[in-house]
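Colleague: Here is how the chains run, residue by residue.
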Amino acid sequence: MSLSLDLRHDGPPLDFRADLPRGRITALLGPSGSGKTSILRAIAGLLPVREARITLESEHWDGAGVRLPTRARSIGLVSQHYALFPHLSALGNVEMSLTHLPAAERRARALEVLALAHVGGLEHRRPHELSGGQKQRVALARAIARAPRVLLLDEPFSAVDRSTRKRLYLELRRLHEQLRNTVLLVTHDLDEAAQLADHLCLVRHGRLLQAGPAADVLNRPRSVSAARLLDIPNVFEGRLTREAGDERLLHWGPHRLRVAALDPALPDGLLRWAVLPSNVLLAHADRAWNSDLENAVHARVLEVVELGGEAVVRVQPAGLADAPLQLRLPTRAIRRHAVSRDADVTLCLRSADIVPLCDDAAP
Amino acid sequence: MDATAIALSARLAGVTLLVLLPLAVLLGRWLAVTRTRFKPWIEGLLALPLVLPPTVVGYYLLVAMGNQSALGRLFEALVGHALAFSFGGLVFASVLVNIPFAVQPVQRAFESIAPDLREAAQCCGLTRWQALWRIELPLAWPGLLSAAVLTFAHTLGEFGVVLMVGGNIPGETQTVAISIYDRTQSFDHASAGAMAALLLVISLVTMAVSYGLVERLMRRRRSA
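Listed in order, the protein sequences are those of chains A and B. If you're matching positions, the first sequence starts at 1 in the working numbering and goes up one per residue. If you're matching positions, the second sequence starts at 1001 in the working numbering and goes up one per residue.
Excised from the complex, chain A in its bound form:
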């Protein structure tokens, strides 16, 4: 682990412990006001925190009687509105972060990183002569110019249009392939986090809800709050039992779901669980009911909304009036299965895709 954090603060409230892996892009994902930016500012040394322990490998930045000033931390920061110095050209902005180098080297290095950030040729433009995407690239060039070990990105894509954002995602990933530094990306955009991050930290009310490799966190939220943060609509309540032969069943209304993949240590009783809309499978209509289908559930279609090449389908599982289930399917699957409003469908909830959720109070 590379960057280790333990932060406690009162205003804004923080009680955050996490380790960010070295050389990876970690996204700090949380709603507005969840303390993400405060965490980033604390790492940069811009927010004095009541109790802080920040170490980059063996180097103490905060804690144990040490408090390194911002300029002594090996960081680069791209803030939400880029904070480019308006009186300086793009080149001047980048050179400002290279004052430790002799003037001649400074110029060469600044031109090099501007080219790396795809803004070569714009070096003499002032910030007001640059587009949003160009400003973002200049800010990124300025942030990486000192070859920082930690790159902090505070919602850096929020002020650019969608097509520019997609391009910038690509450029950031490419740049990261080259630089391989530890990146912390603060965002409230789930898609952005999913596309860019290798590692994901979910934050709410200044606390870490869940952390881990991005694919794990996105597919297996650990708590109801994490599921909500990940925008997973299918969160339900069931009752877990242990049957003969140690088989475990999840009773969900009239449905009995086999949950062999569940952690055997989970106690019997009330269980909150989730299933991702993309993991709910639609069975062929001509397939024999309940033959070899894993956890087949009969349901009626409430609504079909097509969004681009994808359709969001809301269904009501049989015997569960208050638990609408959402599926995401490719539009062609909708056509093939003739899924329409009021149609009866058979769904499959695979045991491996049933995600148990703990209560929010538990870590």
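FYI, nobody ran anything at the bench for these hints, they're computed from the structure. C-beta atoms are modelled at their ideal positions from N, C-alpha and C, and glycine is treated no differently. You can take every hint at face value.
Just some of the chain B residues that point at chain A, by a computed CB distance under 7 Å:
hint: 1; residue: Leu1117
hint: 2; residue: Glu1119
hint: 3; residue: Ala1120
hint: 4; residue: Gln1122
hint: 5; residue: Gly1125
hint: 6; residue: Ile1135
hint: 7; residue: Pro1138
Distance ranges between label pairs, derived from CB positions:
hint: 8; chain 1: A; residue 1: Gly11; chain 2: B; residue 2: Pro1138; range: 30 to 36 Å
hint: 9; chain 1: A; residue 1: Arg50; chain 2: B; residue 2: Leu1018; range: 43 to 49 Å
hint: 10; chain 1: A; residue 1: Asp191; chain 2: B; residue 2: Glu1111; range: 37 to 43 Å
hint: 11; chain 1: A; residue 1: Gly63; chain 2: B; residue 2: Val1209; range: 51 to 57 Å
hint: 12; chain 1: B; residue 1: Leu1048; chain 2: A; residue 2: Asp191; range: 56 to 62 Å
hint: 13; chain 1: A; residue 1: Tyr169; chain 2: B; residue 2: Leu1050; range: 53 to 59 Å
Taking beta-carbon pairs under 7 Å as the criterion, some of the chain A residues facing chain B (in silico):
hint: 14; residue: Leu46
hint: 15; residue: Thr70
hint: 16; residue: Arg71
hint: 17; residue: Leu77
hint: 18; residue: Ser79
hint: 19; residue: Ala83
hint: 20; residue: Phe85
hint: 21; residue: His87
hint: 22; residue: Met96
hint: 23; residue: Ser97
Mind docking chain B on chain A? Use the hints.
Modeller: Only chain B this time, still in chain A's reference frame:
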């Protein structure tokens, strides 16, 4: 025209500016970022010369400079003559009286710098002095220009306090404003009129030029 008085006023304005501007930069920068709860009191104290009658300010300054006070005695011991009724005393009074004219525009200019620019400067590895010199001062310079022009013009025209602490000694403390008063009292209207017109023109030109520069700069800044 009283060339000696005009030269003295120009010298007084120049020296006041030299002393006051660095002080105003430090004080204005500090006031722009400080979170001390005494800030309103400090700002109030610094603004006092704006609201107090010049005679009141002049009276207290005269008391402070007299040989009854520690400051007056120290100055006399160091320099060999009293601070009151001397050019040094005039500079001292002028600096104090001009504090609000210099500090307030500088403070507003520093306040208008977005906090994320200051933070960006730190993240670029700049020391506080480097950040002040390379980032904040270039951004705050319309405020500094306003402060300099206001201080200079105000010192040229200052009358009450100068009369109280400096008296009316030609070549030493008789500024152009006092000379105009003197000439008017002695019915030398031609000379008084010429100097008044000169003061009017200088003040108008410096103010207009500075407003124009600041406006142009702010327009450029806004489009940034």
